[in-house]
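There are 2 protein chains.
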Amino acid sequence: MRHAVDLNKAYRLLNHGPTVLVSAADGNRRNVMAAAWAMPLDFDPPKVAVVLDKSTWTRTLVEASGRFALSVPCVAQARLVHWLGTHSGHETDKFASGGVQALAEPAARSPLVAGCVAWLDCERVAQPEQEGRFDLFLGQVSAAWADTRVFSAGRWHFDEAPDSLRTVHHVAGGHFLAIGDAVEGGGD
Amino acid sequence: MRHAVDLNKAYRLLNHGPTVLVSAADGNRRNVMAAAWAMPLDFDPPKVAVVLDKSTWTRTLVEASGRFALSVPCVAQARLVHWLGTHSGHETDKFASGGVQALAEPAARSPLVAGCVAWLDCERVAQPEQEGRFDLFLGQVSAAWADTRVFSAGRWHFDEAPDSLRTVHHVAGGHFLAIGDAVEGGGD
Numbered sequence: 001m002r003h004a005v006d007l008n009k010a011y012r013l014l015n016h017g018p019t020v021l022v023s024a025a026d027g028n029r030r031n032v033m034a035a036a037w038a039m040p041l042d043f044d045p046p047k048v049a050v051v052l053d054k055s056t057w058t059r060t061l062v063e064a065s066g067r068f069a070l071s072v073p074c075v076a077q078a079r080l081v082h083w084l085g086t087h088s089g090h091e092t093d094k095f096a097s098g099g100v101q102a103l104a105e106p107a108a109r110s111p112l113v114a115g116c117v118a119w120l121d122c123e124r125v126a127q128p129e130q131e132g133r134f135d136l137f138l139g140q141v142s143a144a145w146a147d148t149r150v151f152s153a154g155r156w157h158f159d160e161a162p163d164s165l166r167t168v169h170h171v172a173g174g175h176f177l178a179i180g181d182a183v184e185g186g187g188d
Numbered sequence: 189m190r191h192a193v194d195l196n197k198a199y200r201l202l203n204h205g206p207t208v209l210v211s212a213a214d215g216n217r218r219n220v221m222a223a224a225w226a227m228p229l230d231f232d233p234p235k236v237a238v239v240l241d242k243s244t245w246t247r248t249l250v251e252a253s254g255r256f257a258l259s260v261p262c263v264a265q266a267r268l269v270h271w272l273g274t275h276s277g278h279e280t281d282k283f284a285s286g287g288v289q290a291l292a293e294p295a296a297r298s299p300l301v302a303g304c305v306a307w308l309d310c311e312r313v314a315q316p317e318q319e320g321r322f323d324l325f326l327g328q329v330s331a332a333w334a335d336t337r338v339f340s341a342g343r344w345h346f347d348e349a350p351d352s353l354r355t356v357h358h359v360a361g362g363h364f365l366a367i368g369d370a371v372e373g374g375g376d
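From first to last, the protein sequence lines stand for chains A and B.
Residue numbering for the first sequence is 1 to 188, as defined by the working numbering.
Residue numbering for the second sequence is 189 to 376, as defined by the working numbering.
Here chain A stands alone, though its shape is the one from the complex (with noise of 0.2 Å):
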């Protein structure tokens, strides 16, 4: 039910602003976080950009091997998403500790998340100066992948799925919004 995104597309995962998940590898060593605070930069190549606290052991990984992916959770997988946001890497390898589970994409270079309804798999675009003043990250976009429940021909359509395939949007402490129905601002 995966399929690859057209790079041109990318965007369109992050458009509509949903909470995502931040993960990296470097050697043995892996990590994933949630972030609230991310955002397409640009269209072709895709960029896009996060906020990685200097506290966090997902950033300390991003340096070490210069690539992040970010999955895009679902409403099932709310909890998991307040977990992972409000427990550190530093003191437990969140996916061997079975909360988490990895997805295998042969062609990912990044960890992804499973039961997530999409993936950015990214490539730093290094900017120390930025990142240690803002904790302000960029990344290009090397490869895309979306749940074809939910997206498909460069779209979402999470009216056609189960509700608990809706990405969900953070507010506080916990509490996130679903995704809700369309919306007809006159387009094409």
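Derived by calculation from the structure, the hints in this document are not laboratory data.
As the structure is a computational prediction, the values presented were derived from the model and not from experiment.
No residue lacks a Cβ here, since even glycine has one placed at the ideal position from N, Cα and C.
None of the hints are false.
Straight-line Cα separation of at most 20 Å, EDC-like style, residue types lysine to aspartate or glutamate; simulated pairs:
#	chain 1	residue 1	chain 2	residue 2
1	A	Lys9	A	Asp147
2	A	Lys9	B	Asp241
3	B	Lys197	B	Asp335
4	A	Lys9	A	Asp44
5	B	Lys242	A	Asp44
6	A	Lys54	B	Asp230
7	B	Lys242	A	Asp42
8	B	Lys197	B	Asp232
9	B	Lys197	A	Asp53
10	B	Lys242	B	Asp214
11	A	Lys54	B	Asp232
12	B	Lys242	B	Asp323
Stretches of chain B that chain A covers, calculated by requiring three or more beta carbons in the stretch to come under 8 Å of a beta carbon on chain A:
#	segment
13	193-206
14	256-269
Negatives, chain B to chain A, calculated, CB over 10 Å:
#	residue
15	His278
16	Asp281
17	Ser330
Got chain A sorted already, so can you dock chain B onto it with the hints?
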């Protein structure tokens, strides 16, 4: 129905990833554009990041004035958001042409858009190199407001108001998704 939002809660106005309207004024020149690529960057003092293409008149005004505002539009404004996102201020004064109404908020230093559900008045944090290379602009929030019908005590509560007040999240080409229902991740 509009109230000031504590600055340390201002990030919550953008945390769930809504599409925003970016406005700026310099002297008697003013403009407003739509932007799906905006996010919080820091908690306190609150900062935001937004992508402003080199072709936009709004960017010229941000660079000239050192300020901008983000207004968070709602379902009732979906056609307006699409119109603002597809018409350039180089061609027409979008405020004067009657398509969009400015909000009378004496404390705001950039124009705010009436009918929206939240507003963040920002001072540009100038980063000429990254602005030039990535079209990425940063701002520090100097004041924020929200519509009490959908945001109060530091929280969104869309379920207690008409659906026309839900935020909109751009997918592509004038197609939006409204924010949906609450999902608990096990928070406080």
